[in-house]
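**Q** Single-letter residue listing:
Number of protein chains: 2
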Amino acid sequence: MALVVQKYGGSSVSDAESVKRVAKRIAEAKRAGNDVVVVVSAMGDTTDELLDLAAQITPLPPQRELDILLTAGERISMSLLAMAINNLGVKAKSFTGQQAGVITDAVYGKAKIVDVVPARIRETLDRGQVAIVAGFQGVNRASNDVTTLGRGGSDTTAVAIAAGLDADVCEIYSDVDGVFTADPRIVPTARKVDRLTYEEMLELAASGAKILALRAVEYGRRYGVPIHVRSSFSNATGTMVAGTHGDLIDPNALTSTAQEAGVEAPIISGVAHDRSEAKITVVGVPDVPGMAARIFEVVAAAGANIDMIVQNVSAAHTGLTDISFTLPEADGPLTLAALNGVQKEIGYDSLQFDDQIGKLSLVGAGMKTNPGVSARLFGALRDAGINIEMISTSEIRISVVTRADSLDAAVRAVHSAFELDSSEGEAVVYAGTGR
Amino acid sequence: MALVVQKYGGSSVSDAESVKRVAKRIAEAKRAGNDVVVVVSAMGDTTDELLDLAAQITPLPPQRELDILLTAGERISMSLLAMAINNLGVKAKSFTGQQAGVITDAVYGKAKIVDVVPARIRETLDRGQVAIVAGFQGVNRASNDVTTLGRGGSDTTAVAIAAGLDADVCEIYSDVDGVFTADPRIVPTARKVDRLTYEEMLELAASGAKILALRAVEYGRRYGVPIHVRSSFSNATGTMVAGTHGDLIDPNALTSTAQEAGVEAPIISGVAHDRSEAKITVVGVPDVPGMAARIFEVVAAAGANIDMIVQNVSAAHTGLTDISFTLPEADGPLTLAALNGVQKEIGYDSLQFDDQIGKLSLVGAGMKTNPGVSARLFGALRDAGINIEMISTSEIRISVVTRADSLDAAVRAVHSAFELDSSEGEAVVYAGTGR
Chain A
1 MALVVQKYGG SSVSDAESVK RVAKRIAEAK RAGNDVVVVV SAMGDTTDEL LDLAAQITPL
61 PPQRELDILL TAGERISMSL LAMAINNLGV KAKSFTGQQA GVITDAVYGK AKIVDVVPAR
121 IRETLDRGQV AIVAGFQGVN RASNDVTTLG RGGSDTTAVA IAAGLDADVC EIYSDVDGVF
181 TADPRIVPTA RKVDRLTYEE MLELAASGAK ILALRAVEYG RRYGVPIHVR SSFSNATGTM
241 VAGTHGDLID PNALTSTAQE AGVEAPIISG VAHDRSEAKI TVVGVPDVPG MAARIFEVVA
301 AAGANIDMIV QNVSAAHTGL TDISFTLPEA DGPLTLAALN GVQKEIGYDS LQFDDQIGKL
361 SLVGAGMKTN PGVSARLFGA LRDAGINIEM ISTSEIRISV VTRADSLDAA VRAVHSAFEL
421 DSSEGEAVVY AGTGR
Chain E
436 MALVVQKYGG SSVSDAESVK RVAKRIAEAK RAGNDVVVVV SAMGDTTDEL LDLAAQITPL
496 PPQRELDILL TAGERISMSL LAMAINNLGV KAKSFTGQQA GVITDAVYGK AKIVDVVPAR
556 IRETLDRGQV AIVAGFQGVN RASNDVTTLG RGGSDTTAVA IAAGLDADVC EIYSDVDGVF
616 TADPRIVPTA RKVDRLTYEE MLELAASGAK ILALRAVEYG RRYGVPIHVR SSFSNATGTM
676 VAGTHGDLID PNALTSTAQE AGVEAPIISG VAHDRSEAKI TVVGVPDVPG MAARIFEVVA
736 AAGANIDMIV QNVSAAHTGL TDISFTLPEA DGPLTLAALN GVQKEIGYDS LQFDDQIGKL
796 SLVGAGMKTN PGVSARLFGA LRDAGINIEM ISTSEIRISV VTRADSLDAA VRAVHSAFEL
856 DSSEGEAVVY AGTGR
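Chains as they are written, first to last, in my numbering: chain A, 1 to 435; chain E, 436 to 870.
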């Protein structure tokens, strides 16, 4: 008998029929002898509809009130799901984030979980009942007000509850079968990956993969929670995220498929892509010390989350240089306005805004110790006639920026160059972001 | 400076525009120097939509889960309203029933308020802010679970919060101008009543008037909370419900119009009507002691709320009698089934179910001491050719059952006979139920 935490996203509970379908799956897990805790998101587009309502009232709602509003979504889905499970003859009770003991800080809208005290969940399990927990929300203990964890917060709730209960596995259900070697909409030959380390999953999530929230992976890594990414539409094994490269995985925490995959992780995990970023170039910056620092002070004050930075070599005869950086496209307007405000102070020539970029990221453990990887990546892009505009690397990732309309071809070329669609590699990439 | 509790029903906050309109009214009350607490219902048809969702999942949802589901409605309206008020430059904070300190028993679906501990509301007022409170809901302190108070629960929340804060007045806003001498849809000459005692309002509410929930009036009477029933679409004075017949009303708690109306309450307050009941007749009951008791034991066990009862005089030669009673039409099927189950035991002949009845109630203090009232009532119905099927009376009410298709004519005839549409009477009746 295992203690299983299951998380179902909004697309798995979009209407009464799908709520009933998910209830059946939960009842089966319970009847198979497991202790089952379920974390559920708001139904379908509920959260967006509530945000629309708020936008009709005011462009700048107080964040405390917005959080109260948004938590209504999970309140609806969790109680309906509990009803549906009870209707199948399995006892189930639903709990808000507050009732489930999800304690957060006071940063409304993107609160961080500071503690999980799942006393009522434990008590419910002890009575042989299924506990349903509202995802995405918690309580600020100081004020007794509800908070939300930001987008993807339900994944984080699930992993945090799993950690708090010392669960055997945290299953994240969505409408795809797991993590793929690339977005199957772009690369039809992409294959599902059986196993990823936390680090690989972190890089994939940070590089545009949306199947699992970055914070949930971080939480899972910190507390060693095995995360099973799988489809709510099938019983197939998905992708197990657990362990660190080279670690021995606890076989009890893994499905048989993941065990067969063994501990010899492949070099390349997959190809992620991201179309949600834009590039700002500050043209003609005086090449004197402190100028870059000043620019990024201004950008940070505007609240933008910078990803990659490139500074051209200064042309000797002008003493001027160009500085380019990428950021979420949505942060563009505020950032441009902030930079405009300091044009005289910095003395740059002009600003360029480019939202037609795409980012490709190759992720895999052991990449740094394999110098051939970057050569192979660049060669594949060259052979496909694709120009590279920016490059950044980490220990287990290489990212390149291309034109947005070259991105699909770039993903296919790289996926193929690393033999990810053949049976030879043990490669993996992630379902991309889409936009 | 007064402490005012305002309650807005679902029709006053049916969409973003009406939420903004209500916010303006609240901001004005605050800027006029009052301390303002607002109790709000779920937007428009939200509660019905949530009930529909639950019905799609299961015909018999666990009541605890249904309560959690339904409380989402007020969570949405209260946070949107708080946003809209803040947007007008007036600070406002919203609170769930639990946060507002509305403590109830554990009877999910129709919980009773057992205590109000409005510490956070008081604190919010002390900071000069408007407090918005979710109507219709509370918390069962023993289990820390949310409860709902049943239909009309938001009125009760408002009066209970007003009592807990010792407020100067509780204003109940809806889309009608106050309590009328009859439903203006039936009697176009019906007039708004300026003032009613709690007892008169209780009888009107119990007789089919829906403008104010019966429980809220009971609560108001027990704690002496003046209740001002008025329209959210105008600034006109509505109907003040306060005091007992013959009492001196605290003039501070009343509007000037209510003061002018004085303490000499008229004999007749108004004509209420109700189409929501049905009549069951148990035909051919052996006229031996204990039979009626046995029948009503069975009916009570089926959960039906009986209103009027008539037992015919036993026909001497048969030793059989008929027993008729009225009850909410919705309770009919279960009650008939329960009576069917004891036909042999009781030995009655047959059951008749009649859902084509209407009930007219004439309400007014001092009625019992005016024997001419019932004569005038019956005479008016006779002159209009309307047959009376059942009669029941209380200290300040006479109710008669007629055919449903005669009810409108009956209301008009009685309204006219008591000169309620002339300027001579100070009469009052209530907006009827409609169905």
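Hints listed in this document are in silico derivations from the structure and should not be mistaken for laboratory results.
One or more hints might be untrue.
30 Å max Cα-Cα, derived DSS-like pairs, lysine-lysine [stated by the list, open to error]: (1) A:K112 / A:K210; (2) A:K91 / E:K545; (3) A:K110 / E:K455; (4) A:K210 / A:K110; (5) A:K91 / A:K24; (6) A:K110 / E:K547; (7) A:K20 / E:K545; (8) A:K20 / A:K210; (9) A:K210 / A:K24; (10) E:K459 / E:K526; (11) A:K91 / E:K547; (12) A:K91 / A:K20; (13) A:K112 / E:K526; (14) E:K455 / E:K526.
On the chain A side, residues computed to face chain E include the following (Cβ under 8 Å) [stated by the list, open to error]: (15) L50; (16) L51; (17) L53.
Cβ coordinates follow ideal geometry from the N, Cα and C atoms, glycine included.
**Q** Taking the hints in turn, state whether each one holds.
**A** Against the structure, the hints come out as follows:
Between K112 of chain A and K210 of chain A the alpha-carbon distance is near 19 Å, which keeps this suggested pair within the 30 Å criterion. Restraint check: the Cα-Cα separation between K91 of chain A and K545 of chain E comes to about 22 Å, which is no more than 30 Å; the hinted pair holds. Pair hint K110 of chain A plus K455 of chain E holds up; C-alpha atoms about 27 Å apart against a cutoff of 30 Å. Proximity of K210 of chain A to K110 of chain A is assessed by CA-CA distance (about 17 Å); at most 30 Å being required, the pair is judged to hold.
Simply put, K91 of chain A and K24 of chain A have alpha-carbon atoms about 13 Å apart, close enough for the 30 Å limit, and the pair holds. For the hint pairing K110 of chain A with K547 of chain E, the CA-to-CA distance comes to about 36 Å; that exceeds 30 Å, so the pair is violated. Simply put, K20 of chain A and K545 of chain E have alpha-carbon atoms about 27 Å apart, close enough for the 30 Å limit, and the pair holds. With a C-alpha separation of about 25 Å, the suggested pair K20 of chain A and K210 of chain A falls inside the 30 Å cut-off, and the hint holds.
For the hint pairing K210 of chain A with K24 of chain A, the CA-to-CA distance comes to about 26 Å; that is within 30 Å, so the pair holds. Straight-line distance between C-alpha atoms of K459 of chain E and K526 of chain E comes to about 13 Å, which keeps the hinted pair within the 30 Å bound. Restraint check for K91 of chain A and K547 of chain E: the C-alpha separation of about 26 Å stays at or below 30 Å, so the hint holds. With a C-alpha separation of about 15 Å, the suggested pairing of K91 of chain A with K20 of chain A holds against the 30 Å cut-off.
A distance of roughly 26 Å separates the Cα atoms of K112 of chain A and K526 of chain E; the hinted pair therefore holds under the 30 Å criterion. The suggested pairing of K455 of chain E with K526 of chain E holds, with an alpha-carbon distance near 15 Å, which does not exceed 30 Å. Against a cut-off of 8 Å between C-beta atoms, the interface hint on L50 of chain A holds, since the closest Cβ of chain E lies about 7 Å away. With its C-beta approaching chain E no nearer than about 11 Å, L51 of chain A sits outside the 8 Å limit, and its interface hint is violated.
About 6 Å separates the beta-carbon of L53 of chain A from the nearest beta-carbon of chain E, less than 8 Å, and the hint is met.
The structure shown violates the earlier hints numbered 6, 16.
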